[in-house]
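Since the structure of chain A is already known, use the hints to place chains B and C on it.
So the protein sequences, as listed, match chains A, B and C. Under this note's numbering, the first sequence has 180 at position 180, and the numbering climbs by one with no breaks. Under this note's numbering, the second sequence has 57 at position 57, and the numbering climbs by one with no breaks. Under this note's numbering, the third sequence has 229 at position 229, and the numbering climbs by one with no breaks.
Keep in mind that the hints are not guaranteed to be accurate.
[Said to hold, decoys possible] Partner residues aside, some chain C positions facing chain A, computed with beta carbon under 8 Å: (1) Tyr92; (2) Arg95; (3) Gln104; (4) Phe118; (5) Glu122; (6) His123.
[To be verified] Calculated pairs, DSSO-like style, for lysine-lysine (alpha carbon to alpha carbon, straight line, at most 30 Å): (7) B:Lys294 to B:Lys213; (8) A:Lys89 to B:Lys214; (9) A:Lys89 to B:Lys213; (10) B:Lys213 to B:Lys114; (11) B:Lys5 to C:Lys26; (12) C:Lys88 to A:Lys171.
[What the hints assert, rightly or not] Using C-beta positions, here's what the derived DEER-type ranges look like: (13) A:Ser91 to B:Leu284: 23 to 33 Å; (14) B:Phe115 to A:Tyr31: 15 to 25 Å; (15) A:Asp217 to B:Ala8: 53 to 63 Å; (16) A:Asp217 to B:Ala212: 52 to 62 Å; (17) A:Ala20 to B:Arg182: 48 to 58 Å; (18) B:Ala95 to A:Asn6: 16 to 26 Å; (19) B:Ala95 to A:Leu233: 23 to 33 Å; (20) A:Ala20 to B:Thr61: 35 to 45 Å; (21) A:Leu63 to B:Leu22: 20 to 30 Å.
Calculated directly from the structure, the hints in this document are not laboratory data. A virtual CB, placed ideally from N, CA and C, is assigned to each residue, including glycine.
Chain by chain, the residues run as shown.
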Amino acid sequence: MNRYRNDKFARGLIYTIVGAIIALIAVFIGYLLVQGWSTISWSFLTTASDDGLGIRDQLFNSLYLLILTLLLSFPIALGSAIALTIYGKKSRFAAIAEMAIQALSSLPSIIIGLFGFLLLVLKFKIGFSVLSGAIALTFFNLPILTQSISLAIATVPEARMTAGVSLGVSKWHTITKVILPEAMPGMISGIVLSAGRVFGEAAALIYTAGQSAPKLDYLNWNIFDANSFLNPLRPAETLAVHIWKVNTEGLGANAEAISKGTIVILILTILVFNLLARQLSHRLQRKIYR
Amino acid sequence: MKEDKLFARSKEIRQDNWGRLLCYISVTILLLLVVTIVYFISSKGLQTFTKNHVNVWSFLTTADWNTSLDAHGHADIGALALITTSFSTTMLAAAVATPLAFVIAIYVVALKPKFGQRFVQPVIELLLGIPSVVYGFIGLTVLVPIIRGRFGGTGFGILAGALILALMILPTITSLSIESLRSVDPSYQKFAYTLGCTHWQMIYHVMLRISAKKLMIAVIYGIARAFGEALAVQMVIGNTVQMPTSLVSPTATLTSKLTTDIGNTIDGTLPNNALWTLALILLLISLAFNLIVKGFTRGGEAK
Amino acid sequence: MYDTAETYLKFPDLPNALTTKDLTVKYDETLALQPCSAIFPKNRITALIGPSGSGKSTFLRCLNRMNDEVAAIGGQIMLDGININDPKLNVYQLRQQVGMLFQQPNPFARSIRFNLSFGVLEHQKISASDLHQRMEQVLSMVDLWTELDGDLERNALQLSGGQQQRLCLARTLMSMPQVLLLDEPASALDPISTAKIEANLLELKQNYTIIIVTHNLEQAARISDYTAFFYDGHLMEYDATAQLFIKPHLAMTDDYLSGNFG
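Next up, chain A with everything else stripped away, as it sits in the complex (with noise of 0.2 Å):
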């Protein structure tokens, strides 16, 4: 019966392969956190590069470039989503801006990042900043945002709409109070997700926020002032650049214990994206159906 021992073999060989890649994986994760762990302390996440391993100054930096990039795409996003899935959907319109939101999205982030270099470091001076960075960032953000959320849109049944059009409710209410709250699991899952990606980017930022973290002053409240921590036109490396720096820079023995500490709290960080991608769209899903 060769077909059984065909199968059987077949069989046992997915599992060993299956079996050595998920093994690879564990060391793999498991070798950056062990070696990551013990360069983590309270010191380097709260004094600054320049006084030795720290990584604060980068951590804030690509929180802040966070909220602003979501800041920036999520009403755009939204409101695109809106208009491909209900405005204008299955119209001509709808279909060609669906397929230049997918060339945007298959773009790599380095030409993204090169674009935001030439539109607003050259064409516009804003120079290496948190704003510069927080644009391209958006342009990055924005075609995966927009599809997420467009994705959400469409798990409502247009039945939604038709109930409310027919109450003599306007489209644009009936989407904002009915559809939108009924989207939100699956918009919030989206929006998290892709906070996870944006937090992770280097490339997108290397020539628009910069390369440099210069020492932040966290308690000077005055945006204007070079040293403010909420100055949007100073430059702002991140924790994901940070990592690509010191390593391409050469800085020695201290190069791999910066980027082991701080690959680990971005791996950490992801991770809490993950799961709280997870566990509220369940948590809002069962309120809203409860």
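Just chains B and C, lined up with the frame of chain A:
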């Protein structure tokens, strides 16, 4: 009845007009963005040919990145080495990652769906979210020394780049493959079993055949991601522009060259313009991948 | 095929709520509804019957302008002497006057309170006590108030299909419309739920004009006062229900009623 009320303008009309307007403005911003990106990069990238009078053909077919001008003000600048390295690194990465990705996908969908969905898939999703610099770092600190010890030389080169890219696109191809295998109608599977197929026969003759096109798309997505990856590759490829002579000789890709040099050249000069031409090539190839996927999807629908 | 040239339309001599004059519907280049003139008497139930694709649902959806975005509508629809097929008409106001119920129950995935109050709160200022009173009133009209023990906080999706449909009916009643349009409202329901809806409709016709599209001929015979028979985009026959079901004028209607086609 209230005729005036039936013909009055009401707040609903206003709401819908404003809502529609806001949404269409958003899409317009997105469209403008796409157009501007293509326009800016093209106009910059074409200057090498229009302003610096570099021959398009020789730019694409010679391998020397020689940005100095000769006595007649001409330059011998060619991107062939970069293009070759980009393609060979990417293809090698895909060749390594694809079979593994398919195996994991088969495992998750057809062999151990419960364990796969609870445990394997979240791990793959986590890998998908790990930033590329982390992969680059692993390549630099773990992979490159291993290759150096095993094959001699510096350890930098196509092999290191391809293996790191393979690790990076493994989760991409895997998660898309899982999706496409899942989309196979379960009734086909049941039908195969009632015909007396073994598990493996069902997987091989039914599942893989039916989802072949979608699996192909998954692979192309992986290739596109690998092709556009900049930092991870730049950290392990060696960054020397020369035709790759072996898998372990230092070389450079389109993306790594761009990453390394765009900040070190002066805007408007030939060395800088030539880099923008690389960006343009990269842009066009990415769009081409996009078109290929589109072609495949359309072909799938027609069938 | 039947000859569509000869029609038999016998409209009653009663006060009417809604009339159409040469109403046409055009999808792209095809005329889905041939010029159609009909009269719908006040406080009566009129059933629209006919085979699938005969144009009856299309006709119904025009009456509160739900076809605007997908088709070109020609002709006149008169509601209380006003042509509501006027492009300048405020359709949002119209839809509060002419309510609609669909084939599949389509409640919002929220509480019963939200379902009932959403439309009203969008359109008018109303005190909490008035609102509550009106909710109790409409839920009583569809026999849901006692069934739910007055619990307005339950999620509408937890109700049975029949209860959902009656909730949707109550929802359209919240804006106090004059006319109710029902598009096969019971076709997705079991016989018991169907009977409940039918009982509700017979009660409601004292205060509302009801137009119902149905595939269920027994249902049309049970509840309607007048029946309109559509075929291939034409209104072929219109008569009192008793008359039309017992002794139809056209051979085509007779064939349809005896199940020879459709």
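Evaluated hints:
1. Tyr92: holds, 5 Å
2. Arg95: With Cβ-Cβ at 4 Å, under 8 Å, it holds.
3. Gln104: holds, 6 Å
4. Phe118: holds, 7 Å
5. Glu122: holds, 5 Å
6. His123: Where the cut-off is 8 Å and the nearest Cβ of chain A is about 7 Å from His123 (chain C), the hint holds.
7. B:Lys294 to B:Lys213: Distance ~12 Å between Lys294 (chain B) and Lys213 (chain B) Cα, so the pair holds.
8. A:Lys89 to B:Lys214: holds, 25 Å
9. A:Lys89 to B:Lys213: Answer holds: Lys89 (chain A) to Lys213 (chain B) is near 27 Å, not above 30 Å.
10. B:Lys213 to B:Lys114: holds, 26 Å
11. B:Lys5 to C:Lys26: Holds. Lys5 (chain B) to Lys26 (chain C) sits at ~29 Å (cutoff 30 Å).
12. C:Lys88 to A:Lys171: holds, 18 Å
13. A:Ser91 to B:Leu284: 23 to 33 Å: Between Ser91 (chain A) and Leu284 (chain B), where Cβ atoms are some 29 Å apart, the hint holds.
14. B:Phe115 to A:Tyr31: 15 to 25 Å: holds, 24 Å
15. A:Asp217 to B:Ala8: 53 to 63 Å: Once the Cβ atoms are compared, 58 Å apart, the range 53 to 63 Å for Ala8 (chain B) and Asp217 (chain A) holds.
16. A:Asp217 to B:Ala212: 52 to 62 Å: Given range 52 to 62 Å: holds, Cβ gap about 60 Å.
17. A:Ala20 to B:Arg182: 48 to 58 Å: Given about 24 Å between the Cβ atoms, the range is violated.
18. B:Ala95 to A:Asn6: 16 to 26 Å: holds, 25 Å
19. B:Ala95 to A:Leu233: 23 to 33 Å: violated, 46 Å
20. A:Ala20 to B:Thr61: 35 to 45 Å: 42 Å Cβ-Cβ, so the 35 to 45 Å window holds.
21. A:Leu63 to B:Leu22: 20 to 30 Å: Given a distance of about 29 Å, which is inside 20 to 30 Å, the answer is holds.
The structure shown violates the earlier hints numbered 17, 19.
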